[in-house]
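S.K.: Going down the list, the sequences are from chains U, F, A and E.
56 is the number that the numbering used here gives to position 56 of the first sequence; each next residue is one higher, with no gaps.
The number in the numbering used here is simply the position in the second sequence, starting from 1, with 1000 added.
The number in the numbering used here is simply the position in the third sequence, starting from 1, with 2000 added.
The number in the numbering used here is simply the position in the fourth sequence, starting from 1, with 3000 added.
Hints in this document: simulated from the structure, not taken from any laboratory.
Values in this document were obtained by computation on a predicted structure and should not be read as measured data.
Do not take every clue at face value.
To be verified - Beta-carbon label-pair distances, calculated as ranges:
1. E:3301 <-> A:2355: 50 to 58 Å
2. E:3355 <-> F:1292: 36 to 44 Å
3. U:142 <-> F:1273: 51 to 59 Å
All C-beta atoms in this analysis are idealised placements derived from N, C-alpha and C, irrespective of residue type, glycine included.
Protein chains: 4
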Amino acid sequence: MIAGVIGAAGYAGAELVRLLAGHPEVSALVLGSVSLEGGRIEEVYPNLLGRVSAALEKPEAVIARADVVFGALPAGLGEGYAAASLERGVSYIDLSADFRFDDDEPTYTAWYGKPYKRPELRRRSVYGLPELNRARIKALAAQGACIVGNPGCYPTGASLGAYPALARGLSGAGVREGTGGVIIVDSASGVTGGGREPQRSFHFSECFDSLAPYKVGSHRHSPEIARNLAKMAGRPVPLIFTPHLAPMNRGIQSTIYIPLTAGWDAAAPRPPGAEIVAKTAGIRELYADFYRDEPFVRVLPEGAVASTGRVRHSNFCDISVHLDPAGSTLIVASAIDNMVKGAAGQAIQNMNLLLGYAETAGLMAIPASF
Amino acid sequence: MIAGVIGAAGYAGAELVRLLAGHPEVSALVLGSVSLEGGRIEEVYPNLLGRVSAALEKPEAVIARADVVFGALPAGLGEGYAAASLERGVSYIDLSADFRFDDDEPTYTAWYGKPYKRPELRRRSVYGLPELNRARIKALAAQGACIVGNPGCYPTGASLGAYPALARGLSGAGVREGTGGVIIVDSASGVTGGGREPQRSFHFSECFDSLAPYKVGSHRHSPEIARNLAKMAGRPVPLIFTPHLAPMNRGIQSTIYIPLTAGWDAAAPRPPGAEIVAKTAGIRELYADFYRDEPFVRVLPEGAVASTGRVRHSNFCDISVHLDPAGSTLIVASAIDNMVKGAAGQAIQNMNLLLGYAETAGLMAIPASF
Amino acid sequence: MIAGVIGAAGYAGAELVRLLAGHPEVSALVLGSVSLEGGRIEEVYPNLLGRVSAALEKPEAVIARADVVFGALPAGLGEGYAAASLERGVSYIDLSADFRFDDDEPTYTAWYGKPYKRPELRRRSVYGLPELNRARIKALAAQGACIVGNPGCYPTGASLGAYPALARGLSGAGVREGTGGVIIVDSASGVTGGGREPQRSFHFSECFDSLAPYKVGSHRHSPEIARNLAKMAGRPVPLIFTPHLAPMNRGIQSTIYIPLTAGWDAAAPRPPGAEIVAKTAGIRELYADFYRDEPFVRVLPEGAVASTGRVRHSNFCDISVHLDPAGSTLIVASAIDNMVKGAAGQAIQNMNLLLGYAETAGLMAIPASF
Amino acid sequence: MIAGVIGAAGYAGAELVRLLAGHPEVSALVLGSVSLEGGRIEEVYPNLLGRVSAALEKPEAVIARADVVFGALPAGLGEGYAAASLERGVSYIDLSADFRFDDDEPTYTAWYGKPYKRPELRRRSVYGLPELNRARIKALAAQGACIVGNPGCYPTGASLGAYPALARGLSGAGVREGTGGVIIVDSASGVTGGGREPQRSFHFSECFDSLAPYKVGSHRHSPEIARNLAKMAGRPVPLIFTPHLAPMNRGIQSTIYIPLTAGWDAAAPRPPGAEIVAKTAGIRELYADFYRDEPFVRVLPEGAVASTGRVRHSNFCDISVHLDPAGSTLIVASAIDNMVKGAAGQAIQNMNLLLGYAETAGLMAIPASF
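For reference, chain U alone in the conformation it holds in the complex (with noise of 0.2 Å):
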């Protein structure tokens, strides 16, 4: 099987070809890429010498050739591909935010600027969160070619935290306008997010050794984590979502805070007591059995709390479940390679259900401890 992968000399795209050069199903690759086509993917990354050589092309050669397109590319360039590669009858998996919001046209308009051109593509489009959404996926590709939006890196790794407690109905956050609460996400990620293009705020002097909240209150993440909650409470969900930039390559941290109860408790805190103890016993059970069949998920034992040093490299969405000691707040720390579950990873899960493959399949590295 052929996969194309147009914006393959991004760090998403990159990663793309790096797994996908390791599936077993995939025999080729062809590659576009619009800023440098007519180069090659092993010069702009020469740690794929020996192991990936391939010309870098324009998107319209790929589609013509790929039985699965990945577009890796910024917001507001998948439409067009997506129709390209469905009318060629083969599925387009998009990592940007194009097919993320299906037909709420209106939040995706007020995050990122431009209105749908082509809004019946969200009839043949499904939001590809695996976990969340793998039915929908499943039937769509069952009806033919077909478009995965392919989630955003902190939402992965957010909703992934939060799914089992709203869907099991645990917290009360959103109930009662005034009373329930608020559900927090304060997430922290390796500099990779920012893409490969140099500018300041990713220059090395200046994010080394230092750790720094941004876009804070206004990330373009929140929406599409607010809508993730919402489908898994089954009712909207108020969120607070900050980003930090963190000084490491790879991953996200979520730290979330998903109130219990409404009820607080403002006596000075004490050390977590039995009665703690067995509480957050139970619900990591919770989220144990919630996850018990995803070959992706891993509920961390007790003592173990989720780092993106234990997933580095791998598909991996890392969860430990905690609570403060007044026991009202669930304290789910969550973490992923923001590069692979994040992006490319998540996307080559969603290849495998639309074609058929095992959804483990190519995705079996294991993190790297160091």
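Please build the complex by placing chains F, A and E on the supplied structure of chain U, with the hints as guidance.
M.R.: The following block gives chains F, A and E in isolation, referenced to the frame of chain U:
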């Protein structure tokens, strides 16, 4: 003036030595170490060569000669040295938790596992967060030698970030049980916070290139932060505190979520509008006004975000003020250098207050941008 | 096939586990640990959760069940386990120095402070640098179970970088005493090279953000490198080797200075002219030709420089060829991942040779660019 | 005294601002920037907030008001500003290469691609390595306003490391063509050396967690180092210089190989014996004696190795002395902070010499161990 440091070979002690050696009022240092007694500080820290040369002596020798004594020791050792210092008529500045809880022995004991041996010492001690307690510190010092409980690193950044909001009544947190909400402090610290003794958690290969929460819901700094917030608000305030370990050496960045009103907005998040910008500007002005005369607190202008890279090696606490798009939660980012404002620098600030020096003496280092 | 690893809880052992678990010929793992016997590997390395689950058993249990045994232990323990493996008729691949010196016991003893206990084992052992000894490894294996002395990390990168120049007679190093010059190997390693046990040198706060030489003129890998160079040149070659510790986790970068001629140019350096470029191209071609059939050595094209970031997590050794502007010294840069080609990956490459698998089996991971 | 900085918005300029703001003799700063003229320095570097506030003006405005002018600009711009400064009767300290080659215009032109526009300025200029040229700097200054060519970062650490060996005749390098050998300088620098402008080489994700040589055999600092070595030895000395980029912000560590004798020992390396230890001690003593009166050079005691982490944020150059086990090559490790002794600090040291201040004024910062 002779400054004495007990525990000089630990990281906080070494930072005290570095800063005190450049203090205009300090003419000599006398250094103590239990574990390395008999050695020399410049052998333990070769960076000091040519600038500081001093034997590591018994703690008693330090107390016998110093005009002010710093204790940079694990919790549980401060009372004896403090008493001995007072007996000799010199003040004792304790960097452990031993004098941070005043007469609230139950909370200290619950978290540190030890009773007070000499509870009466708290009549001569004060919690040394100058921005909160400057008047009390000075008043106590006016009566003679005394004890300062130097704040913890996390509590310093977290408390200063929340202070204006609580003192000016912006937040309803804790007002009415069940409605006012909780204050969440989500912090990340550099690895020097773990001290000088090698252990697996702080082994380079274990923590490099990874971000990890730890002691979720059970960190000893929780009660100290809660205590400060309660003093600032004039009432108990529910608190959740989550520390993270970040792959850098210095700095603590805290993101503090302070509920402003009881009503949450569960509509899809939208980009912050003009109203939010204006409201944020108002709160920023309030913060700037609140800290107008503080020499070490910088309320950042619009567009800037408090990050550890901007306070590196300085005694500053940077604060930036943000608002969630729904306008219901104040999001404050604060950043300190954990070894300076979070430990040694603040201890020297307290020394300056005790001894009547300019509060900024020896603490005017400009942060290094890189 | 069942692969056994003694010392599975150390870093080299853990990397063996990670790589062997994805090896197409390995059906099961049996793991041993002296210090952590009774525990489970996935408790020590939670990154393995869901992929590898195995008890840590006594070394004897490993030898009793495995079809090939890897020893990832400190020097001095290999002979006993090797002998026991041979007795059972299975090969032993030793990652320590115990079998790197063949019958040169005096050199081993001078550097490792121990005599051989069972010198006769060297009749069944071979130094496992496949690029140098492939034929001997295969020949020995053809006669039955045997022992491989897996090369040290520094020696691997250094030796491969110098090999073509020495084998093809480019360098006069060592030809005539007093004139031929010395080969200088200046290397920097990531911190995983220091192993898993916490110690001050590898404490995050001590080695982060710093670059430091260590064991200058006295590192144990010196005699191993010298031995390889002598084999490659067909004569003794004077060597100076200086290792450095770099603030990163993986990788060894070596810059190797190989004198080409006896005549130095003491005129002011000038930018390299066309003549130098042409001469460099010629040597590059010689190198490329020399390694044409090697699956894991990449001679980089003009303009590229061997850096650790391009071989990360792979079994590649990257080599780039340069010349000083006077044309008198060949400067070779080589880069490996110290845990893969420098340890576990090369050991598996040796296993593949011993057992007749494709030499690249289980080792086709593409380096991650970031 | 008013200090002026042209190019204040670059990294070297910003470091000058940070250090000059704390200089006891500097009463005011006047800052210039071509690219950011009209802005303010504290907007570009928010770390300066509350400590330094100054407009970024035209270069001419700086020269018009300052009592000494620093030029922190790319090569090729210094002559005009230097001439204008001299005309006004104030000295000009140039941090570019424009005044590092005195009247050796051919070498400057060969490496920097430009002729001297005003060669006569070299009659009033001096190369500002104080340890080498202190007397000349002072003598020139005694005659009135003059120009200092502040050394490059690599040349500073490399030259100081080799100076005693060359000046005291320890090395035969360059003595007789073909026999004396070459001096090899193998250096690694932090990323701040690449300056403030974002580019791919210094993009966080490209250089983090990787070590890479660059410009092998072709770095512009080669001729400057060679020039210094020749002055120190009293004869031309062949040189090879290889820079590396290390994943840290500050610091240059150089390992310098200096041939002591013409005879190499090609026997297998053995651990350094008592004879080597004694010989090393003798050379260490010679080095210590040579630098006895230098305020910023520290020759480290036995057992210590010069590393960048020990000179961080200081004007020190640390030097440790080693010997290869054969006793034929002196291996010197030197470490500086590339932004301080390698740029801004040394420039201020030169200012102190020019203006008759204590040479250490404003430069007494103690290195931070972490």
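S.K.: With respect to the beta-carbon atoms only, verify the hint that residue 3355 (chain E) and residue 1292 (chain F) lie 36 to 44 Å apart.
M.R.: holds, 37 Å
S.K.: Quick check: does the Cβ-Cβ distance between residue 142 (chain U) and residue 1273 (chain F) fall within 51 to 59 Å?
M.R.: With a Cβ separation near 43 Å, residue 142 (chain U) and residue 1273 (chain F) fall outside 51 to 59 Å, so the hint is violated.
S.K.: So does residue 3301 (chain E) sit 50 to 58 Å from residue 2355 (chain A), Cβ to Cβ?
M.R.: Holds - the Cβ-Cβ distance for residue 3301 (chain E) and residue 2355 (chain A), about 53 Å, lies within 50 to 58 Å.
Figure legend: structure checked against the earlier numbered hints; the only hint not met is number 3.
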